[in-house]
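Chemist: Modelling step: build the complete structure from the supplied sequences, incorporating the hints.
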Amino acid sequence: MEKLLEADITEADDPGLESTAQPVIETRGITKSFGHVEALRGASLRAYPGEVLALIGDNGAGKSTLANVIAGVHASDGGELLLRGNSVDVASVRQARELGIEIVYQDLAQAPDLTVSQNFFFGRELLVRGFGRILGKLDEQSMRQRTKEAMTLLGAQVPSLTVPVSALSGGQRQAIAVARAVMWAKAAIIMDEPTAALGTKQTAMVYDAVRAAADRGLAVILVSHDIPKMIEFADRMAIMRHGAVVSQMPTDGLELVDVLTTMLTAQKDEA
Amino acid sequence: MNLTKTSPHTSAATFSSSEPPLAKRIVTSTAFMIAVVVLILILIFGLLSPNGVFLGPTNFRNLALDSAQLILLAVGMTFLLGAGELDLSIGANVILSSVVAAKVITFMGGTPEEVLAGNYSNAGVAILLGLLAAMVTGTLFGIVNATLVNMLRVNSFIVTLAMMSVGSGVAYIITGGVNVSALPRELQRNFGSADLFGVVPIPALIAVLIGAIAWFVMTRLRFGTHTVGMGSSIRAAQRAGINVKLQRMKLFGIMGLIAGLVGFIDISRFLTTNIQGHQGDALAAIAAVVIGGTSLFGGRASVLGSMIAAIIPAILINGLVIMRVGSFYQLVVTGVILLIAVGIDQRRRAAPS
Ligand SMILES: Nc1ncnc2c1ncn2[C@@H]1O[C@H](COP(=O)(O)OP(=O)(O)OP(=O)(O)O)[C@@H](O)[C@H]1O
Ligand SMILES: [Mg+2]
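Going down the list, the sequences are from chains A and B. Quick note on full-length UniProt numbering: the first sequence kicks off at 1 and runs consecutively. Quick note on full-length UniProt numbering: the second sequence kicks off at 1 and runs consecutively.
Simulated from the structure, these hints should not be mistaken for lab results. One or more hints might be untrue.
[Stated by the list, open to error] The calculated lysine to aspartate or glutamate pairs, modelled on DMTMM-like cross-linking and capped at a C-alpha distance of 25 Å, are: (1) B:Lys24 to A:Asp139; (2) A:Lys186 to A:Glu26; (3) A:Lys229 to A:Asp252; (4) A:Lys229 to A:Asp258; (5) A:Lys137 to A:Asp107; (6) A:Lys201 to A:Glu149; (7) A:Lys186 to A:Asp107; (8) B:Lys245 to A:Asp107; (9) B:Lys250 to A:Asp139; (10) A:Lys229 to A:Asp58; (11) B:Lys24 to A:Glu140; (12) B:Lys245 to A:Glu98; (13) A:Lys137 to A:Glu98; (14) B:Lys103 to B:Glu113; (15) B:Lys250 to A:Glu232; (16) A:Lys137 to A:Glu149; (17) A:Lys186 to A:Asp258; (18) A:Lys229 to A:Asp208; (19) A:Lys229 to A:Asp215; (20) B:Lys245 to A:Asp89; (21) A:Lys201 to A:Glu232.
Modeler: Shown next, in the form of structure tokens:
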């Protein structure tokens, strides 16, 4: 607890980590209300290139809301989102994507009847050159090729790229969602509880994919309830409570009990 | 579970080895199976009909002509069902479009006396304007449908059920309940009953042409992917940045345009509007689309399957007529076809892919 509180106090300087590196994603005092519910009351966090940042907190702490604001699903009411130090305005998923920010939703938001490669390119299909482009003619071969490359890159395997994703297992679908995000992301990937529905083996698979994504220089924000795993797996951790990030620190030497205490008792003012 | 780490080489091999060969994909496709059913039906009626008249060239011409309108409607409905939408108002749209077209033609065609005598001094221009009016009316009707679905945020079943009533009501108001008849004979001679090379009815030709374009749009263009993708999961489509409201507008607009065209074909075949008719059009089109392999709940669509399945009612009705079974059985037949279609759809959905 001692150690944590210390970390809290100096949170703004991000102790022990890349005071030199620039965060890929930074939120400053993001607020967001749904009617009378204040889901976010000034949430500030930083995610650095090449790192996995675990975003944890009790149910209703505001993790998904913060993730969705960064990804352009919700517009924030106040606060600032910075991409590599520049303040950006992300009003839609499309805009977030253009900035290189991808999100993997907890329910994946895939179209079950579309094939693997159709899902990979859903909403940003590759078109052929020339006249066909005006008509919106699909370049299916290129899309299949690039899907294959992206899947191979993460070591994810599916029986075929031309089957509908509904024919695949939960783990395979998850792997597809992660691989798709990695393929498109140029800055950051946000994953909202990507392993919640998966078995042990499939979970391990997804973590491998997440690490591979970070190793490619992306900032990965991982929303999770599996705190022991996050202490072991993530590079840093941001703890949310009542709509604010109450603590942010490296996971090295963190104790589960301290994390839980912060998560369940910390006040925003302490931070 | 195949979800294991593999070297690039092995996974590359996995991808290619399991794509089914083209021949197998064709034989197992719904469109192919429906085509087989159609052939079997034709053979059965050929054998049962007196002197085999069913297989004669005249009857084939009749079949093509009689199926043309349903094929067109089914093609439009394929897009809507594929997108998880439904249009029950297409029959009313066909009527309203044909009424507007007929009014335009009689108004533009010549003096009231000439028109009354069926003798149009200005037939050519009047007919072209009538065609335009039918297509504009149909498209607007569809766009109203989509606008209501978008604005009221109710599903298209309810909206188009209401619009079915509105549409035929307006048609009755415009006509005072009396069909517009005595349209120029040129309309029938040069279009509705005309044949290309003396064998292929023009309406059937139009149906096949539009069907071919629709097939291309559905299978090769981004528009098709967005359509079935939206039917598969509207949330996924929204999250993918697709403007589903705009897509819905386009889809209902296309359906309306086709309904308008069908309305025009209708008056050009019979030289009169048919405000009491077309009540079964929507269900017949939906049945054909579902039998043809499109999911009743969106996500999967087969234009080719719809087109082939849309021939079935004409075959059954022609066959029954040739065999002197009363025409009231048509209604029963349509209902039974719809039930079979829904049954097939349920089975398909239950079957593991
Ligand atoms: N669309 C919405 N409309 C109304 N209230 C919402 C909405 N989304 C979130 N909330 C509320 O905002 C608060 C934060 O929700 P959020 O989903 O961000 O929490 P979370 O940390 O992701 O929780 P969990 O661990 O359960 O996923 C909750 O009180 C929730 O009820
Ligand atoms: Mg959540």
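Chemist: Does each hint fit the structure? Answer for all of them.
Modeler: Hint by hint, here is what the structure shows:
1. B:Lys24 to A:Asp139: 24 Å, holds
2. A:Lys186 to A:Glu26: 15 Å, holds
3. A:Lys229 to A:Asp252: Distance ~13 Å between A:Lys229 and A:Asp252 Cα, so the pair holds.
4. A:Lys229 to A:Asp258: Holds. A:Lys229 to A:Asp258 sits at ~15 Å (cutoff 25 Å).
5. A:Lys137 to A:Asp107: Distance ~30 Å between A:Lys137 and A:Asp107 Cα, so the pair is violated.
6. A:Lys201 to A:Glu149: 23 Å, holds
7. A:Lys186 to A:Asp107: With a Cα-Cα distance of about 23 Å, the restraint between A:Lys186 and A:Asp107 holds, given a limit of 25 Å.
8. B:Lys245 to A:Asp107: 23 Å, holds
9. B:Lys250 to A:Asp139: Holds. B:Lys250 to A:Asp139 sits at ~23 Å (cutoff 25 Å).
10. A:Lys229 to A:Asp58: 16 Å, holds
11. B:Lys24 to A:Glu140: Measuring from Cα to Cα gives roughly 20 Å; hence the hint holds.
12. B:Lys245 to A:Glu98: 22 Å, holds
13. A:Lys137 to A:Glu98: 22 Å, holds
14. B:Lys103 to B:Glu113: 15 Å, holds
15. B:Lys250 to A:Glu232: 51 Å, violated
16. A:Lys137 to A:Glu149: 22 Å, holds
17. A:Lys186 to A:Asp258: At roughly 34 Å apart (the allowed maximum being 25 Å), A:Asp258 and A:Lys186 break the hint.
18. A:Lys229 to A:Asp208: Between A:Lys229 and A:Asp208 the Cα gap is close to 13 Å, so the pair holds against 25 Å.
19. A:Lys229 to A:Asp215: 19 Å, holds
20. B:Lys245 to A:Asp89: 24 Å, holds
21. A:Lys201 to A:Glu232: Measuring from Cα to Cα gives roughly 17 Å; hence the hint holds.
In terms of the numbered hints stated before, the structure departs from hints 5, 15, 17, listed from lowest to highest.
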